[in-house]
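Let chain A serve as the given structure and place chain B on it in line with the hints.
Chains A and B supply the protein sequences, listed in that same order. Read left to right, the first sequence gives residues 1 to 353 (our numbering). Read left to right, the second sequence gives residues 1 to 868 (our numbering).
In short, the hints are calculated from the structure, not lab data. Given the structure is predicted, the values throughout are model-derived calculations rather than measurements. Glycine included, each C-beta is placed from N, C-alpha and C at the ideal position.
Just so you have them, the derived chain B footprint on chain A, three or more residues with Cβ under 8 Å:
#, region
1, 30 to 42
2, 51 to 64
3, 156 to 167
Here is what each chain is made of, one letter per residue.
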Amino acid sequence: MGLFDFAEVGFNVDNGFLEGLTRGFKNGVLCKEDYRHLTQCDSLEDLKLHLQSTTYGNFLANEPSPLTVAVIDDRLREKLVVEFQFLRNHAYKELATFLDFIKYSYMIDNIILLITGTLRQRQLSELLPKCHPLGIFDQMETVTIANSTADLYNAILVDSPLAPFFKDCISEEDLDEVNIEVIRNTLYKAYLEAFYDWCEGCGGATAEVMCEILGFEADRRSFIITINSFGTELSKEDRAKLYPRRGKLYPDGLTELARADDYESVKRVAEHYTEYRKLFDGTGVGIGEKTLEDKFFEHEVTMNVNSFMQQFQYGVFYSFVKLREQECRNVIWISECIAQRHRSKIDSYIPIF
Amino acid sequence: MGSLFRSEQMCLAQLYLQSEAAFACVSKLGELGLVSFTDLNPNVNAFQRKFVNDVRRCDEMERKLRFLERELKKDQIGVYDNGDNPPAPAPREMIELEAKFEKLENDMKEINTNQEALKKNFLELTEMKQILMKAQHFFEEMDRFDTTEDEALIDPNTPQTVAAAGKLGFVAGVILRSKLPSFERVLWRACRGNVFLRHAEIEMALEDPVTGDVVNKSVFIIFFQGDQLRNRVQKICEGLHATLYPCPDTSNERREIAIGVMTRIEDLQAVLNQTEDHRHLVLTQVALNIRVWFIKVRKIKAIYHTLNLFNVNIAEKCLIAQCWCPTNDLGKIQDALRYGTEVSGSSVASILQQVTTEEQPPTYNRTNMFTESFQGIIDAFGVSTYQEVNPAPFTIITFPFLFAVMFGDFGHGLLMLVFGLVLVIREKFYLAQKSADSEIWDMIFGGRYMILFMGFFSMYTGFLYNECFSRSFNVFGSSWNVSAMNFDAVTLGNASALDLDPVTPGVYRGYPDNYINGSGYPYPYGMDPIWQSAENKITFQNSYKMKSSIVLGFAQMLFGLTLALYNHIYFKDRLSIICEWIPQMIFIWCIVGYLCVIILFKWITWKDPASAPSLLIGLINMFMFTAPSKADGTFLYTGQSTVQIFVVLMIVFCLPWMLLAKPAVIYYRRRQKANRYAPLKSDSSTTRGLENPNFAEDVGKSQRNYNLAGGEMADDVPIIEQDQLDVESNSIQQTEPDPDEKDFSEIMILQIIHTIEFSLNCISHTASYLRLWALSLAHSELSEVLWTMVMHIGLSMAPPAGPIVTYAVFWFFAVLTVGILLVMEGLSAFLHALRLHWVEFQSKFYKGQGYAFLPFSFESIIQGRVDE
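Chain A on its own, in the form it takes in the complex (with noise of 0.2 Å):
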């Protein structure tokens, strides 16, 4: 950031509205006393009766009852979708290309999804309801008619925004199980380094903070593939290729974590960095203890809400949809333990304020 950088005097003219609309939003999401309202419900009905007095309003005032865990999924991602696509409606150059690799990244998940669901011969009319809205392209649902990821690429992708990811895993190999999980990674790869690359060069405080979030996301997934490889036949040269060389980690940590053989050794490499060694630190899977990934998330919230305290830059938006999402998962669990009865584990929920 210069002397000289005077990018943020414009930014109120062009985003200054979404970003306070963001905001606004921002607020509705849920705090610790809405969540601690909601773990208490008996039923489901509950559970919309106290939604009702939050910003969700009357999301679920339409449903017959019995509701289930599904219709409030649909209504949770339906709110998020909406808002999304207001926001995305009404952006404006930097900004629409900053929401759409948002977008991309459900993109990757739903073509992998498609793919594997092909291949375990599911209809496409089960495997759409499951695909996430705001990754829903045209020409997605004919990703089913190929065979080999050279043959996904010229027939289908060539023309989608997700072209430019896929240059690194064309092969004349035919799809298979081991063969889309590195197509899933190579292609998170490639779009989170760009991705990164992007907010880089919107310079200013877009960078400082989405930098920051992107990188952490990237070690995350090195970490995250490194210790769900072990035991599988992926090769150490082949794993290596699948780190995205962006973040803290990139380059020291990822040669080593390409060396990494078990568990302990992973939490080694992580022991370098004082952020990571505090997410490795008391992780297990007993009651009482947080999983990785749930210290992964919780960390995840932490920063993507530490990312509205700077004004003038695109992570608000970004991590607006990232609490969102955490918000709906966080909603899911306790409905999910509330219609289970499964009542021991409803606190495992990660709050947000």
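Relative to the frame of chain A, chain B by itself:
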């Protein structure tokens, strides 16, 4: 009471309702709309309250009704509204209603599923028909193409080409027109250009069976070779939601199928029509009743919501409610309770018990259609503190008057009056027409009586200013006489303007010594019309309007200050009267009052224009202690110098009086109290917050009242148990701390601010009233410009062009008059009048720190004015 002067006297009451009678009683109270319930379980979650299940049932019923309403809207059937307002049904009727709605919803859903299936079928058949038609076209074209090709290139005798063509497979289908381009592209890429696609648009729009939207589609036909490609094509079609239909190879078969499809479409159409009729029948039945159902359900829901606010006493089987209500209406409320108990057949009566509290009661001003808008203006500034003087009744006159001072024009006022009259006379018609949901219209219509009054007063001031569309009337004959000047023919012929000297005998017949002998009189009412043609009209009017604005302003501020005295007397605040009100009164009289007095004095007594004194210089000199003299034109009357010195000294003397007296007395009293009434100190916080606790007898009195009330309750009503008394004492604890407990430094600072504000405001507010002059000047100048620049052109032309131009120009004039002078100028004058009331007038006495009384009323709930 019951007047607008002060807000209604309110009391806090507890209701003891038998559980079986509670519903009927609350229902009755809801119809009455006179009580506002307070929440007695603020710490209980929404879903843990007692009647939450009933609320949920109502939600469910409402959902079903909303579903039916949506269906009505889909079919564009209007809801029947006969203005009925049914009472809330008894709880047992609720089950009946539930069953009815359940049945209707299920019926409706069944009809919808059937219809959807039929429509889907219909759509498929229509698409099939289209495909067959278009395919026929494609094949014909291809045949033609084939034959020409054959003839040209290959020997027609070899059957090879025909065989090759036969091997070509094809699929036909329908796809959304918007998806066609990407479909084409994907096909080409995925099949590496080895397919041939033909498409044609379906001209008629088709209906989507699920959403009912109108969609445009295209028919396509794809030719390819081999099974692999067929698979691929089919997958792509599936992926892009294209529907494939079987299409036979030969044209004969196609024709046969087409005929079959046609007959089936006809059959289906008949069935569809029948379903449609049935649906319509059901919906018209629904349309007849849905409004009444909605009202009933909303009422039940509101009642249960209210019951949820109550405390439940399980042992005594009764519900305890706490509410604010106007003291005057206690009788009506008692009647409603009695009626409710009777209806429900409960053996034990419901009891209403007044409770003494020191919480500030809500402010309730009873308004009617006429006073509503004026009260609205006041409430927009701030809801008045409980029982303080409400400026609304005075605003009814002063607001339109001040508006009119700025808007004074007879013609414009008349137009406004007519507009207001139309709204008022057709009031019932517009009220019934609820459909107009425009906020701007609501605002104008809500202020119809204000518009009427503003129009009327504008006519009055317009008459005073003698202006009608900037022209004057000469009703009584001008009192100026030009012939008395004895101008000779030469002067008259050459001059474009002539001086009229009022001192020359006979020129101005308005002087008393002139009309004693019966030769004249001043223009009896308003402005002399001769000023219309005078060169110095503006100079004259400026001086006149400026001074009258100050006099008007002083009158209004003085009135505001008088109202403050009423407040002090009413709240028995003797300290404020002596230490604040009296010095304020002296101060304002000395500064602004004296100015007004000399303005009036000069108007009445001065007649020699040459030696007229300058009030402005005089006022400045007064503060500089310069003795008035004839030389600089500041001399008005003998003894002026002494009077003015006295006035200035009074002003200076009032400042420390306002600033120090009150804090000093409070400080002194506190010290005394601390010495003498040490044990009483803790009790002083329980006195009524509104009464000034500085008077020892007041402390004692309210203390006694409280004990008395408490004692009565304990003796007379055995139902109350300890826990209910706890509730009551809780509510007492919630009140804000007594003003007396404020820190002394805070009191001092407030007093300093108050004093500075008041003394500066005396000047600045007086100056602020000059806007009356400025706006009225602007208005009259604008209308004059409009007349001379527009209307005058037309009128001054000779026939034959004259009348035509006048006609054309009149419309221009009319549009500008309404657009600029009535609407824009009107809005600006309105705004300034509003400001003068809120700031200049109300700052003298109005605190506006109350909160509005929001009664539990079905009427406002059904109209959606209140959030449940």
